[in-house]
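Enquirer: Since the structure of chain A is already known, use the hints to place chain B on it.
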Amino acid sequence: MEEVAFFIGAIGALGGAIAVIALRNPFYSVLALVVHLVALAGLFLMLHAEFVAAAQIVVYAGAVMVLYVFVAAYVGGVEEPIWEPIPGQRFLAPLLAIALFVELSIAILGTALTSLESEGPVIQDGFGAPAAIGELMLEKFLIVFEASSLLLLVAAVGAIVLAARRQGEPG
Amino acid sequence: MDITWYLVLSALLFAIGAGGVLIRRSPLVILLCLELMLNAGNLALLAFARANGDQEGQIFALVVMVVAACEVVVGLGLIVAMFRRKLPLNVDDMRELRG
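Quick mapping for you: the protein sequence lines, in order, are chains A and B.
The first sequence begins at 1 in our numbering and counts up by one.
The second sequence begins at 172 in our numbering and counts up by one.
Pulled out of the complex, with its shape left as it was, chain B reads as follows:
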């Protein structure tokens, strides 16, 4: 398979993730869509690593996974805090920084 196939697939997955962030209103699903976009980026990094025959891109992908894990932990902490305070789990209702 040409590397281009992987890159086009990664672009498609990234676009789906971006569309999901724009459409959905639940913060949990928006976090899931961020995961989609990060994973699309990972696929592109690994495809470029394969195209260059170089493993450094794979290190980048691992670091992206670490960043994604941090983002998940903080994001889910925020969602739990919102739920505890009986705030609406809807990003349209939460447009101000102060709760």
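Looking at chain A on its own, in the form it has when it is part of the complex:
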């Protein structure tokens, strides 16, 4: 049963990812990314990361993707040729991606971490639940929490500066 759920999630995530890079219209790419993120949230649930899965759906597949959809609609569906006439790129780019995958797989499969060849240790109730995550975040990782809120503020200010209309600039 767990295997079936994993493979359904994996196929959804892989299909979404391939559709993101294969579809010509950026608008469809954004929608494919939503499929990818939802499938990935299912996999997060299977790893007992319940709060992260919920945040993935609400923040990522919800808020961030709405932002993408707005911008994709604003700049319009720019049809671009998927393959650019840079000599050799057509072959080199997928080759590099495959090399990266092989390299990562060798690292994963050749590891001496024996814990990776099991389903992981038995975990207590509440693993990955909001209560446990919140406690960790506000006690052990308080500085990380504050730093990330500062980063969000800086990004918001930066986006306003970048996208603001200059004087005399046509809108």
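Be aware that one or more of the hints could be misleading.
Derived Cβ-Cβ restraints for the label pairs, each shown as a range [claimed, not checked]:
1) A:V154 to B:M265: 21 to 29 Å
2) B:V262 to A:A156: 18 to 26 Å
3) B:K257 to A:V4: 25 to 33 Å
4) B:M265 to A:A156: 31 to 39 Å
5) B:G224 to A:A164: 15 to 23 Å
6) B:E267 to A:F70: 23 to 31 Å
Covered by chain A, according to a simulated footprint, are these stretches of chain B (three or more residues, beta-carbon under 8 Å) [said to hold, decoys possible]:
7) 174-180
8) 184-193
9) 198-211
10) 218-226
11) 230-241
12) 252-258
Partial pick of chain A residues on the chain B-facing surface, computed with a CB cut under 8 Å [to be verified]:
13) E3
14) I21
15) L37
16) L47
17) A49
18) L67
19) Y74
20) E117
21) S148
22) L152
23) A156
24) L162
It is worth saying that the hints were derived from the structure and are not from the lab.
Glycine is no exception: its CB is placed at the ideal position from the N, C-alpha and C atoms.
Expert: Using the frame of chain A, we list chain B on its own:
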């Protein structure tokens, strides 16, 4: 399911994202491919958290999501600014820092 399965899936997703960054020319799609790579990293972090029975990796994943949100906001701001100035939305034509 063994944790190794999740890690191999995350490596595959990361490779797809990296290939997308190399192939595509639209800055919007390149941002989407960055999202793919960040999410592959998140999957690996959560898989390691499960393998160690430790929730600290999940905090890392949440922080990665915050960083991704910041990257999206700034990146989309750049794309909107490029569009406003009628610059081509193609990273090959935008290889110089000055517009």
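Enquirer: Run every hint past the structure and note whether it holds.
Expert: Taking the hints in turn, this is what the structure says about them:
1. A:V154 to B:M265: 21 to 29 Å: holds, 24 Å
2. B:V262 to A:A156: 18 to 26 Å: Holds: the Cβ-Cβ distance is about 25 Å, inside 18 to 26 Å.
3. B:K257 to A:V4: 25 to 33 Å: Given about 51 Å between the Cβ atoms, the range is violated.
4. B:M265 to A:A156: 31 to 39 Å: Since the Cβ atoms of M265 (chain B) and A156 (chain A) sit about 24 Å apart, the hinted range of 31 to 39 Å is violated.
5. B:G224 to A:A164: 15 to 23 Å: At roughly 48 Å between Cβ atoms, A164 (chain A) and G224 (chain B) fall outside 15 to 23 Å, so the hint is violated.
6. B:E267 to A:F70: 23 to 31 Å: With Cβ atoms ~28 Å apart, the hint holds.
7. 174-180: n = 7 at 8 Å, threshold three: holds.
8. 184-193: holds (count 9)
9. 198-211: holds (count 8)
10. 218-226: Coverage by chain A holds for the stretch 218-226 of chain B (7 residues, Cβ < 8 Å).
11. 230-241: holds (count 10)
12. 252-258: holds (count 4)
13. E3: holds, 6 Å
14. I21: Cβ of I21 (chain A) sits 3 Å from chain B, so the hint holds.
15. L37: holds, 7 Å
16. L47: Constraint on L47 (chain A) satisfied, holds at 5 Å.
17. A49: holds, 5 Å
18. L67: With Cβ-Cβ at 6 Å, under 8 Å, it holds.
19. Y74: OK, holds: Y74 (chain A) within 8 Å of chain B, min 7 Å.
20. E117: holds, 6 Å
21. S148: holds, 4 Å
22. L152: holds, 6 Å
23. A156: With a closest approach of 7 Å, the A156 (chain A) hint holds.
24. L162: With a minimum Cβ separation of about 4 Å from chain B (threshold 8 Å), the hint on L162 (chain A) holds.
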